[in-house]
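A.B. asks: Chain by chain, the residues run as shown.
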Amino acid sequence: MEVVGRQERILTRKQRQSRRAYAVILPFFFYISIWSLLPLVIGLLLGFTEFNALNGLPKWVGLDNFKTFFGSKDYIILLVRQVWMGGLCLIANVVLSFLLALALNIKHPLRGFFRTSVYIPNIAAAAITSGVFIALLNPFNGGLNMFFKSIGMEPIIWNYSQFWMVFWIMIFFVWRSVGPAAIIWLGGLQSIDASLYEAANVDGASKLQQVRYITIPGLRFISAYILLTGLIGVMQMFDVVMLISHGNPYGKTDVLMYRIYRDGVVSFNMGMAGAASTILGLVTVLIAFLAFKIISKGDKNE
Amino acid sequence: MSKAMRTTLKIVWVIGMMILVLFMLYPFIYSFLGALNTKTDFSNLGTLLPIPKKLVFRNFLYAFTKTGIPPLLNTFYRTSWYTFWNVLVAVLLGYVMARYEFKGKKLFLVFIICSQVVPSVLTMIPSFVMMSKIPFLGGNNWMGMGGHGLINNPLVLYLPFGWGALLWVFLFMQSMKSLPKDFEEAAEIDGCNFRLTLTKVILPMQKPILAVIAANTALGTWNDWFTPFMYINRIKDSTLPAYIGMLATSLQEMSGDRDFPKLFGLSCVSIIPPLLIFLFFQKYIIQGIASTGIKG
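The listed protein sequences correspond, in order, to chains A and B. When we follow this note's numbering, the leftmost residue of the first sequence carries the number 1, and every step to the right adds one. When we follow this note's numbering, the leftmost residue of the second sequence carries the number 1, and every step to the right adds one.
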């Protein structure tokens, strides 16, 4: 009798547990799904419709929006530019943050102060700090050109040059995001076993060799993480573009994500925005997947 | 390496880092100095450091005028609201996911992990459409027609709760793994129910991770200028960073009211709360960055 009773208790306890788990989890998951999963589904359908979100119902137009996307050069150019401009920002950020992490990995009383300082640009929203850049880059009375004039150099009309606008977008992007990336690198650097370096020192390996054979292999997971999240991030980067250059000069720094935003939120062309979103999302996933494949292939060769 | 060389290298390093720090902090110094100028003074100045000829302080007070106070308060409300919910969801879901056995647990876990890598482009515009068509709100009927839904409706700053929060659920789950089950079992034997076990036993031991979640969400919500910027165009219902975003994007047009000192003054005010959060909870924020990096 006693044994049976105990078994029953165990069973009910398990049931009780799972019942309680569902009671806690399901309402939240349901609510979160409304705001995240539902838009994902809507987004997939949106691309096949013509819809202005203000009045009327969406009209099913099949593949028309996708034909427009691939038929007109505009969108393809923007997609390509999203990839190369994002790529430049990402590479600059990864390389510089790694160097910064190496520099921050030196024991010194001032290290904490330096680490805090390089992180601070990230705690201010992009919109808050972009004004400084716009003021400095004003071609007529901006600080930079006035400084150039005062030392006898020709002023540069930043706003009319694609090169310089991309350059400043990159500076703004890296300035904002180099700190967190450096902190992640730093965490990786410090998780490498110090005895490996000691052993290398005993064997007479140079500093460069130590970096090549201990540091870089030890950072494989971290670098994969930084690259993949960074990749997904820059493929959707547009706030920087919107704030620094507005896509100018003549739309030469415009990127697809910014176009999607304007299509959807400014001109209410939801169908086109939806189609372009789907394509950009797929391209992002594809590039991230390829990058992941390449990184994990490198793993096997090691 | 000789000792002399080592000291020179250290000095070179310190000087190099100092220059870097100056570069990183320069825009903040610039906006602080710029805010001390009057509008005309500033546009005539054109220097790398806008040192004011005549000190004015009223630019800092814009945030406390009739236009500035509502967005400032909205930012505070919104930040507290989302910080509270993020922590609550992370604790409840993280605890249950870490400790309870139930069917479909793996599925939830997969959902949590997958949701973190979905590109946000896939949800931005559809969310906007959904907000505009949400039933029963903003003059919409049950079909979501007739009104403008949550667009330009202050509720849009409080209702949505997306899967970004699941990152913290995951983090809390991970942190529960390092806590032995003995404490809860002991508490249960002593007659603690679910709520008591959580509040009296688990949470006091998980304070660091709670600080990580709270500090990071507070910082993130305060700095989320884009959501209000996208959904709301009345300054009164917006948040301070979004208001600054409106000013900043209008600066791109060469004509119109280009009041830089006002923008800088507002910026200086709106950076104070995140700066305080950062300085006080720096350890936790950095831990959050590093652990999402390492574990993610």
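There's no promise every hint is true.
What the hints assert, rightly or not - Simulated crosslink set (SDA-like; lysine to any residue; CA at most 25 Å straight-line):
| no. | chain 1 | residue 1 | chain 2 | residue 2 |
| --- | --- | --- | --- | --- |
| 1 | B | K106 | A | R20 |
| 2 | B | K181 | A | R13 |
| 3 | A | K107 | B | F226 |
| 4 | B | K106 | A | S72 |
| 5 | B | K283 | A | L40 |
| 6 | A | K149 | B | K236 |
| 7 | B | K236 | A | P27 |
| 8 | B | K10 | A | L40 |
| 9 | A | K107 | B | M230 |
| 10 | B | K3 | A | S206 |
| 11 | B | K54 | B | F32 |
| 12 | A | K252 | B | F226 |
| 13 | B | K106 | A | K107 |
| 14 | B | K177 | A | K149 |
| 15 | B | K106 | A | S33 |
| 16 | A | K252 | B | K236 |
| 17 | B | K103 | A | P27 |
Unchecked claim - A few chain B residues that face chain A, going by a derived Cβ cut-off under 8 Å, partial list only:
| no. | residue |
| --- | --- |
| 18 | V12 |
| 19 | C114 |
| 20 | V118 |
| 21 | S127 |
| 22 | N193 |
| 23 | L196 |
| 24 | L198 |
| 25 | I244 |
| 26 | I272 |
| 27 | F281 |
| 28 | Q282 |
| 29 | A290 |
FYI, nobody ran anything at the bench for these hints, they're computed from the structure. Beta carbons are placed, not taken as given, at the ideal position from N, Cα and C, and that holds for glycine.
A.B. asks: Next, verify each hint and record whether it holds.
C.D. replies: Hints and how they fare:
Note on K106(B) and R20(A): the hinted pairing holds, with a Cα-Cα distance of about 17 Å set against a maximum of 25 Å. This hinted pair checks out: K181(B) and R13(A) have alpha carbons roughly 16 Å apart, not beyond 25 Å. For a cut-off of 25 Å, the pair hint linking K107(A) to F226(B) is broken: about 39 Å separates their Cα positions. Taken as a hint, the K106(B) and S72(A) pair is broken in the structure, with Cα atoms around 44 Å apart against an allowance of 25 Å.
The hinted pair formed by K283(B) and L40(A) fails the criterion: a straight-line CA distance of about 36 Å is larger than 25 Å. The suggested pairing of K149(A) with K236(B) is violated, with an alpha-carbon distance near 43 Å, which exceeds 25 Å. Distance check on the hinted pair: K236(B) and P27(A) sit about 33 Å apart at the alpha-carbon level, beyond 25 Å; violated. The straight-line distance between the Cα atoms of K10(B) and L40(A) is roughly 53 Å, outside the 25 Å bound, and the hint therefore fails.
Our distance criterion of 25 Å between C-alpha atoms is broken by K107(A) and M230(B), whose separation comes to about 45 Å. With a C-alpha separation of about 18 Å, the suggested pairing of K3(B) with S206(A) holds against the 25 Å cut-off. Between K54(B) and F32(B), the direct Cα distance comes to roughly 14 Å. Compliance with the 25 Å bound is thereby established for this hinted pair. For the suggested pair K252(A) and F226(B), the alpha carbons sit about 23 Å apart, so the restraint of at most 25 Å is met.
Using a Cα cut-off of 25 Å, the hinted pair K106(B) and K107(A) is violated, with the two alpha carbons roughly 43 Å apart. A hinted pair counts as satisfied when its Cα atoms are at most 25 Å apart, and K177(B) with K149(A) does not qualify at roughly 62 Å. Restraint check for K106(B) and S33(A): the C-alpha separation of about 17 Å stays at or below 25 Å, so the hint holds. Under the criterion of a C-alpha separation no larger than 25 Å, the hint pairing K252(A) with K236(B) is inconsistent with the structure, at around 35 Å.
Distance restraint check for K103(B) and P27(A): the Cα-Cα separation of roughly 16 Å lies within the 25 Å cut-off, and the hinted pair is therefore satisfied. At its closest, the beta carbon of V12(B) sits 11 Å from a beta carbon of chain A; the interface hint therefore is violated under the 8 Å criterion. Contact between C114(B) and chain A, as hinted, is not supported at the beta carbon level, the nearest pair being about 11 Å apart and thus beyond 8 Å. For the restraint placing V118(B) at the interface with chain A, the shortest Cβ-Cβ distance is roughly 7 Å, inside the 8 Å limit, so the hint holds.
Interface restraint check: S127(B) against chain A, minimum CB-CB distance 4 Å, threshold 8 Å, status holds. Here the hint on N193(B) is broken, as its CB sits about 10 Å from the closest CB of chain A, past 8 Å. Using the Cβ-Cβ criterion of 8 Å, the hint placing L196(B) at the interface with chain A is not satisfied: the shortest such distance is roughly 14 Å. For L198(B), the interface hint is violated, the least distance from its beta-carbon to any beta-carbon of chain A being 10 Å, above 8 Å.
The beta carbon of I244(B) comes within 5 Å of a beta carbon in chain A, closer than 8 Å, and the hint placing it at the interface holds. Contact between I272(B) and chain A, as hinted, is not supported at the beta carbon level, the nearest pair being about 10 Å apart and thus beyond 8 Å. The beta carbon of F281(B) is not positioned within 8 Å of any beta carbon in chain A (closest approach about 11 Å), and the interface hint is therefore violated. Contact between Q282(B) and chain A, as hinted, is supported at the beta carbon level, the nearest pair being about 6 Å apart and thus within 8 Å.
Interface hint at A290(B): satisfied, since its Cβ lies 4 Å from the closest Cβ of chain A, which is below the 8 Å cut-off.
In this structure, the hints that do not hold are numbers 3, 4, 5, 6, 7, 8, 9, 13, 14, 16, 18, 19, 22, 23, 24, 26 and 27, in rising order.
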